[in-house]
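Visitor: All chains, full assembly: derive it from the sequences and hints.
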Amino acid sequence: MNFQINKHYFIIFVFIFIFCAGVSISVVYGQMTPDEILRKSDEARGNADGIEWEIAMNSIESGREQQRTIRVSARSFNSLAEFLAPANVKGQKMLMVDRNIWFVKPGLSKAVPISPRQKLLGGAANGDIASTNYAGDYKIIDISEGVFNREHCYLLDLTAIDKKTTYDRIKYWISKERLVGVKAEFYTVSGKMFKTAVFEYNNSINVEGESRPFISKIVITNAIIKEDVTTMNFRKVSFKKIPDSMFNLNLLVK
Amino acid sequence: MKYHASSPVYFLAAVLAFLAVLIWPGTGFADTDTEPVETEKTFTEKFTMEFRALTYGNLQEPSYSTQNQRNNFLRMPRYLGDIELRPDLRFNVSALELMAKPRMRLEYNAWTGAGMREQGSKWDDDWYVNEWLARVKVRENLFVSYGRENLQWGPSFLFSPSNPFFPDNGRRNPYLEVPGSDFARLVWIPESSWTLSFIVNTEEGRNKPVGPDPFEKIYAAKIDYTGRENYASLILSHKEHTGNTTGIVGGWTVSDAVLLYAEGAITEGGRSLYPERDHSFFGSSMQQIYKDGTALKPVLLTGGSYTLESKGTLTLEYAYNGQGYNDAQADKYYALRRRAANVMDSGNIMTGLSQMTLGQTTNTGLKFLRRNYLLLQYAQNNIRNIIDLTLRWTQNIDDASCQFTTLVTYYLGNHMELFSIGTINGGGKNTEFGSILDYQLMMGIKYTF
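Those protein sequence lines, which keep their order, are chains A and B. By the numbering used here, the letter at position 23 of the first sequence is numbered 23, and the numbering carries on one by one without gaps. By the numbering used here, the letter at position 217 of the second sequence is numbered 217, and the numbering carries on one by one without gaps.
By construction, these hints were calculated from the structure, which means they are not laboratory data. Every residue gets a Cβ at the ideal spot worked out from N, C-alpha and C, and that includes glycine. Among the clues, some could well be false.
With a straight-line Cα cutoff of 25 Å, these simulated SDA-like cross-link-like pairs (lysine to any residue) come out [what the hints assert, rightly or not]:
id, chain 1, residue 1, chain 2, residue 2
1, B, K311, A, K241
2, A, K105, B, N385
3, A, K241, B, S145
4, A, K105, B, N381
To be clear about the criterion: a stretch of chain B counts as covered by chain A if any three or more of its residues have a C-beta under 8 Å from a C-beta of chain A, and this derived list gives those stretches [said to hold, decoys possible]:
id, segment
5, 68 to 82
6, 141 to 152
7, 173 to 180
8, 228 to 234
9, 277 to 289
10, 383 to 395
Guide: Written out as structure tokens, the structure reads:
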């Protein structure tokens with residue numbers, strides 16, 4: 001009899017535990033504001049104190065395929081992209097200091113300032129290779145729920161805080177479980193979708209003893225010409241202290 | 001074969017010196033036998049080399065203006081051929097950065113065609129180091145360097161008035177390298193937004209001075225600020241024997257597609273030549289009227305660019321060149337040039353005077369001859385992943401002459417590119433762009449190993 005009572009107590013205890021655990025988890029995420037969710041998702045896309053990575057880009061545009069390999073050193077909203085391959089672009093550099101961008105080409109006498117809109121390759125904008133700062137650059141105008149690849153997501157409707165951002169409006173799917181952005185749709189001012197991006201996180205980084213997923217692949221597809229696809233594979237990810245001198249135009253050896 | 005600082009000895013010395021540093025004990029490359037894998041990795045990380053070979057041909061039609069009647073003064077070749085080898089070597093360890101750009105150039109010039117006074121051809125070779133640099137990181141935010149550099153800054157295409165060291169900003173023809181000068185530099189970064197540089201050009205190097213006077217040392221302090229979507233620089237410079245110049249640069253990323261920028265300089269005095277009436281044989285002569293004066297001559301350039309959704313970028317620039325000639329001075333200038341040209345072939349003592357005067361009118365020391373200029377440019381890179389295109393119109397507002405330039409690059413695979421640069425000059429013979437060349441067409445191949 002006592003055994004029966006104990007068994008009931010045990011089952012009730014387990015139910016209560018599971019319920020509390022579930023509630024506490026949902027409370028943890030539930031307590032996160034949409035801004036915090038967005039900020040957390042940014043962390044998996046390079047918004048760190050200092051990071052270096054190599055990006056292998058493959059672009060198919062109008063049936064023509066093109067590759068680039070770029071080494072990116074980034075810190076906060078600054079980045080230096082050095083082109084490593086193929087041979088005819090080797091030595092080119094792109095320096096982004098916040099919203100200021102300069103392009104340096106071997107043989108070209110001086111760095112050319114370029115606008116954020118100027119494309120890097122295929123469907124990839126200059127802003128796509130650097131750290132992502134959606135939390136700083138965009139305002140959340142709506143949050144709902146959605147599913148992408150059978151994964152439950154927060155669906156954030158983002159609009160640019162000002163005209164300085166790479167995109168005017170983004171619909172951004174953030175995995176509820178992993179808190180990483182898994183899909184994005186990019187829109188023009190007129191509300192027309194012009195490209196989509198899908199994100200993978202097979203890299204991992206160690207921050208303060210905690211292993212976190214980190215961006216490994218972005219596939220950008222043109223919304224109108226579906227065959228135009230740009231793939232960016234992120235590899236050799238390493239955290240390192242990157243000094244100010246890395247982003248200084250005076251020290252950029254041509 | 002040219003000698004001075006441009007013999008094969010210098011070319012080879014640069015390469016050997018660079019290699020000597022690489023194999024010197026302590027640089028990580030001396031112990032190749034003991035740790036081949038680690039050494040190979042270190043070498044790949046620390047040393048980079050880019051090797052380019054160019055060959056191009058140039059067809060140009062001299063303008064038979066009073067500056068160069070029947071091409072008897074400038075004697076410009078009609079055809080030019082050129083082969084260049086351009087290795088760029090870099091070595092970078094934590095505190096030391098080395099860079100060298102030795103060059104080999106083989107050039108062919110031909111003077112031919114009806115109307116040309118001189119006929120014939122010649123080959124020439126030139127071996128030199130166009131740029132080299134040794135830079136030491138004293139502290140994380142303090143750098144000291146010495147070397148031969150092509151030191152450029154500023155956003156403008158037309159010219160860079162804020163730069164006291166280089167009259168040519170290299171934008172006109174990106175396939176021709178701007179010759180380097182020897183510089184000592186100190187760069188201090190007190191915090192991420194601010195940079196302070198002290199610069200002195202110790203020798204002219206390969207960058208021959210514009211104008212009638214010899215090389216002068218220039219001491220400059222440059223303060224740079226970079227904000228979130230803007231940047232600005234103040235450049236204070238002092239020429240050893242001439243005067244002071246204050247230069248400014250500013251740029252603003254207005255939106256995703258729009259950039260605005262400005263460059264300017266105010267110079268005290270100057271050694272440029274201006275036509276002045278006098279009692280000489282031609283009734284006037286070229287004189288340095290501001291040589292000892294303190295007259296302030298402003299030069300201001302302002303511009304902006306808009307990047308279209310279709311990827312192309314439109315750029316518009318306006319430049320006010322306060323050092324240039326006004327209408328009265330321009331009239332005097334062309335009248336003097338005409339009188340000098342008329343006696344060029346007289347065969348007596350007047351020929352010498354004519355040549356001296358035409359030499360001065362060719363090389364006045366001014367970047368641009370007149371005061372008001374416009375530039376309109378359309379550029380689009382990576383068209384269908386294989387073509388870069390630039391169309392550029394430059395207008396001299398004062399004398400209505402103009403220059404139209406097209407730059408086209410066609411990529412043949414990952415190593416080879418075909419390029420062409422065509423320039424057509426419009427305007428009368430007594431105008432700035434109509435004075436020297438009617439047209440010029442350069443076509444070539446660049447191969448990157």
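Visitor: So, for every hint listed, does it hold in this structure?
Guide: Now for the hints, and whether the structure bears them out:
| no. | hint | result |
| --- | --- | --- |
| 1 | K311(B) <-> K241(A) | violated, 35 Å |
| 2 | K105(A) <-> N385(B) | holds, 17 Å |
| 3 | K241(A) <-> S145(B) | holds, 23 Å |
| 4 | K105(A) <-> N381(B) | holds, 13 Å |
| 5 | 68 to 82 | violated (count 0) |
| 6 | 141 to 152 | holds (count 4) |
| 7 | 173 to 180 | holds (count 4) |
| 8 | 228 to 234 | holds (count 4) |
| 9 | 277 to 289 | violated (count 0) |
| 10 | 383 to 395 | holds (count 3) |
Of the numbered hints listed earlier, those contradicted by the structure are 1, 5, 9.
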